[in-house]
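**Student:** Listed here are the chains, written in short residue letters.
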Amino acid sequence: MAILTEQDRATITQMFEQTLQEPVRLAFFTIPSSSLIVPGRETCESCGEVQALLEELVEISPKLTLEIHNIQQERELATQYGVERVPAVLVLGPESGGVRFFGAPAGYEFATLIQDIQSASQGKTRLAPATREALAAIPDPIHIQVFVTPT
Amino acid sequence: MAHQMAQDFPNVRADIVEANEFPDLARAYGVSGVPKVVINDSVEFVGAVPEPHFVAAIQQALGVESGEAGPDNV
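Protein sequence lines correspond, in order, to chains A and B. Under my numbering, residue 437 is the last one in the first sequence; the count climbs by one each step, no gaps. Under my numbering, residue 535 is the last one in the second sequence; the count climbs by one each step, no gaps.
Chain A extracted, bound-state conformation (with noise of 0.2 Å):
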C-alpha cells in the first residue's frame, strides 16, 4: 500500500527536481519484521512502515539511495553511526552525518526529513552568519536532542 498519494508525490517530485545537487543517501536502521512475537526479543513496530516511506521517497530521485541495516547484524555500523535504537533514519549527503531521526518521520517531522534532504544535497542551510560565527567558535561535540511527537 502507498503511504504517499498521488499529490504528495507529484509535489516532492516537483521539488526534489528544483532542489536536489549531489547525491544524498538515507541510511536506515531496523530490526526486520516477523510474523511471530518472540517473548523477550525486541521489535519493532513502526520500522515496517518506516521502511516503506523511505522507499516511496528515494525512488521519486534518482539522486537518493537507501541503505537498509539491520541493527542486530549490523551492530558494528550502528556502533559507527551512533544507532542504540530503531527506527532510525540518517541522512547523509556529500559533506553531512549528524543528522538522524528516531522513530517515525511522520507529520511535521516528514517536511523537516525533506527539507534535511534537500539541504544535504545542496550542501548549504540557511543559518544566519551569526550563528555559523558562533557555531565555528565551538570545537567540542555538540549533541542535540529534540523530542517531539506526531503532530
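Calculated from the structure, these hints are not laboratory results. Beta carbons are placed, not taken as given, at the ideal position from N, Cα and C, and that holds for glycine. Incorrect hints may have been included.
[What the hints assert, rightly or not] Partner residues are not named here, just some residues of chain B that face chain A (Cβ under 7 Å, in silico):
id, residue
1, I477
2, V492
3, I500
Guided by the hints, dock chain B onto chain A, whose structure is given.
**Tutor:** Relative to chain A, chain B alone:
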C-alpha cells in the same frame, strides 16, 4: 534548526526523537511538552525559539561566553 546546524558543522549531532516511540528516553529527559530540546544532556528548553536563543543555549551548554545581546537565561 538543530538539523541545519548538524548539516553544516561536523561536530554537531542532532537527533529528532519521537517521544511516544521511546518513552524510556522521554522519561529520562523529563519530557512533558514538545518540542523539547536537550543540548549535551545539560541545557534544555521547550518550544520553538529564535535562532540566537538556540545558539545561546548551545554556548551555555558548552560553557562558552556568549557574545553581546544574548538572550536572558534559557
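**Student:** If a hint holds in the structure, say so; if it doesn't, say that too.
**Tutor:** Evaluated hints:
1. Checking B:I477 against chain A: minimum C-beta separation of about 5 Å stays under 7 Å; hint holds.
2. The closest approach between the C-beta of B:V492 and any C-beta of chain A is roughly 5 Å, which is under the 7 Å cut-off, so the hint is satisfied.
3. At its closest, the beta carbon of B:I500 sits 5 Å from a beta carbon of chain A; the interface hint therefore holds under the 7 Å criterion.
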